[in-house]
Amino acid sequence: MLNGGYDGAISDVWSCGVILYALLTSSLPFDDRNLEVLYQKAGKGKTNILSWLSPSARNLIMRILDPNPATRITIAEIK
Numbered sequence: 001m002l003n004g005g006y007d008g009a010i011s012d013v014w015s016c017g018v019i020l021y022a023l024l025t026s027s028l029p030f031d032d033r034n035l036e037v038l039y040q041k042a043g044k045g046k047t048n049i050l051s052w053l054s055p056s057a058r059n060l061i062m063r064i065l066d067p068n069p070a071t072r073i074t075i076a077e078i079k
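Everything in the sequence shown is counted per UniProt numbering, starting at 1 for the first residue and increasing by one.
A couple of the hints might just be wrong.
To be verified - Subject to a maximum C-alpha distance of 30 Å in a straight line, what follows is the list of computed DSSO-like cross-link-like pairs (lysine-lysine): (1) Lys46 to Lys79; (2) Lys44 to Lys79; (3) Lys79 to Lys41.
Derived from the structure by calculation, the hints contain no laboratory data.
Let the sequences and hints guide you as you build the complete structure.
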């Protein structure tokens, strides 16, 4: 992070994805009693996108929660 590896804007997009998921589903996208497993799920983007969400909502959430900052959707793309 000290060598320019941290991009706050792209991290903010991911955080907004967590909030959007919670608002739409009343649950969190990543959950586990074991903190290490929880971090692994978040790091791999492993979440259960609920089937009753619209296809466009599922697609947006998956793109926002992409664990790879280089391929994650940007604010400009969301607009």
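Requested in this report: Starting from Lys79, check that the Cα of Lys41 is at most 30 Å away, please.
Outcome: 27 Å, holds
Requested in this report: For the pair we were handed, Lys46 and Lys79, check the Cα-Cα distance against 30 Å.
Outcome: 25 Å, holds
Query raised in the report: Taken at face value, is the distance from the CA of Lys79 to the CA of Lys44 at most 30 Å?
Result: Roughly 25 Å between the alpha carbons, so the hint for Lys44 and Lys79 holds.
Comparing the model with each earlier hint shows no violations; every hint is respected.
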